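J.: The primary structure of each chain is shown beneath.
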Amino acid sequence: MADYDELENEQQMDCALDLMRRLPPQNVEENLVTLLEILPEMTEDLLSSIDQPLKIRQDSKSGKEYLVCDYNRDGDSYRSPWSNEYDPPLADGSVPSDRLRKLEVAANEAFDTYKEMYYEGGVSSVYLWDMDDAFAGVVLIKKVNDGTVRSKGSWDSIHVVEVLEKGRQARYKLTSTVMLYTVASAAKGDRLNEINLSGSLTRQDERDLPVEDTGAHIVNIGRMVEDMEFKMRNSLQEVYFGKTHDIVNGLRSAADLSEARNRERLQRDLFGQLKSRGE
Amino acid sequence: MSADDRIAKAASLLLHSPPGEVDDVFNDIRGIVNDDEALQELIEPVLAESNMQQFLVVDVPDKQSKVLLTPYNLLDENNKYLDPTTKTAFTFDHLRRIGSDPEEYQETMDDDDANEQLRAELQKALEQYVESHFKEGFVSVFAHEGSIVSCIVSNKFSPSNFWNGSWRAVWSFNPESNQLNGSIKVRVHYFEDGNVQLDTQSDFSRDVETGGDVAKKVAKLIGQSEAEFQQGINDGYRQLSEKTFKGLRRTLPVTRNKIDWEKIANYKIGGELASAEN
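Just so you know, the protein sequences line up as chains A and B, in that order.
Per our numbering: the first sequence = residues 1 to 279.
Per our numbering: the second sequence = residues 1 to 278.
Since the hints were made in silico from the structure, they are not lab data.
Remember, predicted model here, so these are calculated numbers, not experimental data.
Keep in mind that the hints are not guaranteed to be accurate.
Unchecked claim - Mimicking DSS-like on lysine-lysine, the simulated pairs with C-alpha atoms at most 27 Å apart in a straight line are: (1) 64/A to 246/B; (2) 246/B to 55/A; (3) 263/B to 231/A; (4) 185/B to 231/A; (5) 80/B to 66/B; (6) 243/A to 185/B; (7) 185/B to 152/A; (8) 243/A to 80/B; (9) 173/A to 55/A; (10) 246/B to 143/A; (11) 66/B to 220/B; (12) 231/A to 258/B; (13) 243/B to 143/A; (14) 246/B to 243/A; (15) 102/A to 152/A; (16) 246/B to 152/A; (17) 263/B to 143/A; (18) 102/A to 64/A.
Make the full structure from the sequences, and use the hints.
T.: Shown next, in the form of structure tokens:
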């Protein structure tokens with residue numbers, strides 16, 4: 001009977017994930033809440049598989065901001081990458097090993113610089129966790145742009161990396177999701193126009209890279225994340241502001257189609273006449 | 001939450017389907033609920049609501065006519081709809097998507113004769129408009145509670161290219177107040193390795209000049225308003241692309257070069273990592 005349950009769970013998870021790819025990303029948080037209500041027995045699996053916009057918290061000790069998601073959650077508490085402590089406090093919350101924690105501290109510093117140079121603001125956090133024969137981590141970045149009245153947006157990067165160390169080399173598997181929310185509003189007279197263009201894209205990458213010392217992990221992961229975000233920024237631009245815009249203009253033609261159709265008909269008639277003359 | 005509540009909640013998700021994906025969302029709901037019998041009982045009214053929301057275009061049984069399914073031509077609680085062009089009432093099976101039992105519908109109130117004429121003229125005028133601006137568009141005009149309601153739909157489905165889109169407009173003209181109220185809704189879904197959706201809607205309220213060819217004036221005003229809405233979308237895209245998106249993340253740092261990771265790793269945290277080695 002265990003096998004049947006497993007199969008049923010797998011099918012339900014596949015359907016839940018497919019559903020999340022179709023329901024409006026504008027309501028991604030409500031969508032997850034609804035799924036949790038429908039499938040409460042699959043709560044842990046759903047929480048760990050469905051990306052949500054990152055929330056910002058403040059470290060009570062240093063006052064520094066950090067990002068929270070399922071990866072730094074234990075129960076109802078979240079771990080700060082700065083103090084390595086849980087909020088609300090946990091007696092024995094799961095933390096990375098000493099060796100990994102040192103790498104985590106270094107990674108947070110490095111990606112803080114990366115974030116400043118590309119985002120000129122925003123918040124970043126890196127969380128690492130031990131695995132058998134390997135370790136994994138997530139690099140999180142969030143930037144919000146709500147300065148103007150006419151439009152606002154937010155960018156959430158979630159880069160999950162799995163690192164398999166093999167002597168002086170390591171295999172890095174990266175799965176990256178960028179959530180991009182943009183809203184433009186124009187109140188003109190009697191019309192209230194709001195254009196909400198939102199969602200996410202996911203990409204993967206895998207590389208085998210040399211590791212001379214522990215610091216090499218930061219260089220390797222850093223370069224992979226940077227290259228990935230470079231590609232994804234281009235894809236986001238193309239998909240959001242190119243493709244979807246083209247689709248809208250394919251739904252309705254601003255220009256009068258009858259002119260184009262008349263032209264086509266004229267050309268066909270002309271071609272027909274020329275053809276019959278040649279015979 | 002009881003099992004019944006959960007199934008009802010799952011069924012209601014159908015109403016949020018992107019254009020052209022009702023079947024896919026339905027299959028997901030079936031897979032999640034895993035109880036076809038219980039789902040079957042609840043899903044029919046949800047499907048009906050979904051089809052009317054999406055302005056489903058259907059063939060009128062036994063007539064060479066098509067009509068939109070909307071709340072404005074729904075005749076009773078038993079899925080009976082009216083096609084005003086052929087004056088036919090028919091029943092629609094929302095599950096199998098087939099119409100049946102066509103019958104002549106003569107129930108028009110006397111003081112609606114003027115409205116019926118206006119309705120027919122507006123239908124003709126808007127068919128011309130739709131042909132000029134929508135490659136695969138469709139319009140149905142109904143007399144509804146004293147107003148003339150025009151429903152326009154234009155869909156483009158390309159699931160093999162991972163995208164679908166729809167344009168839906170409702171225009172309600174009140175011949176007594178000469179007011180035209182409208183609402184246009186556009187939804188686009190792109191889903192190759194992701195889920196990106198455009199959701200935009202705009203409401204309009206305009207006054208129509210009295211006298212003359214009213215149908216022509218209403219159609220012209222509808223065309224103008226829809227053109228303005230489309231222009232507004234173009235402006236919005238420009239704002240989002242050139243201001244909002246650019247303000248979130250630079251293409252490259254100010255140095256115009258990618259990051260020197262060796263430098264960052266060594267400079268900032270040399271001490272931390274050296275002690276990790278020991």
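J.: So, for every hint listed, does it hold in this structure?
T.: To see whether the hints hold, each was checked on the structure:
Restraint check: the Cα-Cα separation between residue 64/A and residue 246/B comes to about 26 Å, which is no more than 27 Å; the hinted pair holds. For the suggested pair residue 246/B and residue 55/A, the alpha carbons sit about 22 Å apart, so the restraint of at most 27 Å is met. The straight-line distance between the Cα atoms of residue 263/B and residue 231/A is roughly 23 Å, inside the 27 Å bound, and the hint therefore holds. For the hint linking residue 185/B to residue 231/A, the alpha-carbon distance of about 32 Å lies beyond 27 Å, and the restraint is violated.
Using a Cα cut-off of 27 Å, the hinted pair residue 80/B and residue 66/B holds, with the two alpha carbons roughly 15 Å apart. For a cut-off of 27 Å, the pair hint linking residue 243/A to residue 185/B stands: about 19 Å separates their Cα positions. Between residue 185/B and residue 152/A the CA atoms are separated by roughly 21 Å; this keeps the pair inside 27 Å, and the hint holds. With a CA separation close to 39 Å, the supplied pair residue 243/A and residue 80/B exceeds the 27 Å bound.
Restraint check for residue 173/A and residue 55/A: satisfied, since their Cα atoms lie roughly 25 Å apart, inside the 27 Å limit. Distance restraint check for residue 246/B and residue 143/A: the Cα-Cα separation of roughly 12 Å lies within the 27 Å cut-off, and the hinted pair is therefore satisfied. Between residue 66/B and residue 220/B, the direct Cα distance comes to roughly 24 Å. Compliance with the 27 Å bound is thereby established for this hinted pair. Of the pairs offered as hints, the one joining residue 231/A and residue 258/B holds, with about 13 Å between alpha carbons and a cut-off of 27 Å not exceeded.
A hinted pair counts as satisfied when its Cα atoms are at most 27 Å apart, and residue 243/B with residue 143/A qualifies at roughly 14 Å. For the suggested pair residue 246/B and residue 243/A, the alpha carbons sit about 18 Å apart, so the restraint of at most 27 Å is met. Our distance criterion of 27 Å between C-alpha atoms is broken by residue 102/A and residue 152/A, whose separation comes to about 37 Å. Proposed proximity of residue 246/B and residue 152/A is supported: the alpha carbons are some 11 Å apart, at most 27 Å.
Taken as a hint, the residue 263/B and residue 143/A pair is honoured in the structure, with Cα atoms around 25 Å apart against an allowance of 27 Å. Restraint check: the Cα-Cα separation between residue 102/A and residue 64/A comes to about 19 Å, which is no more than 27 Å; the hinted pair holds.
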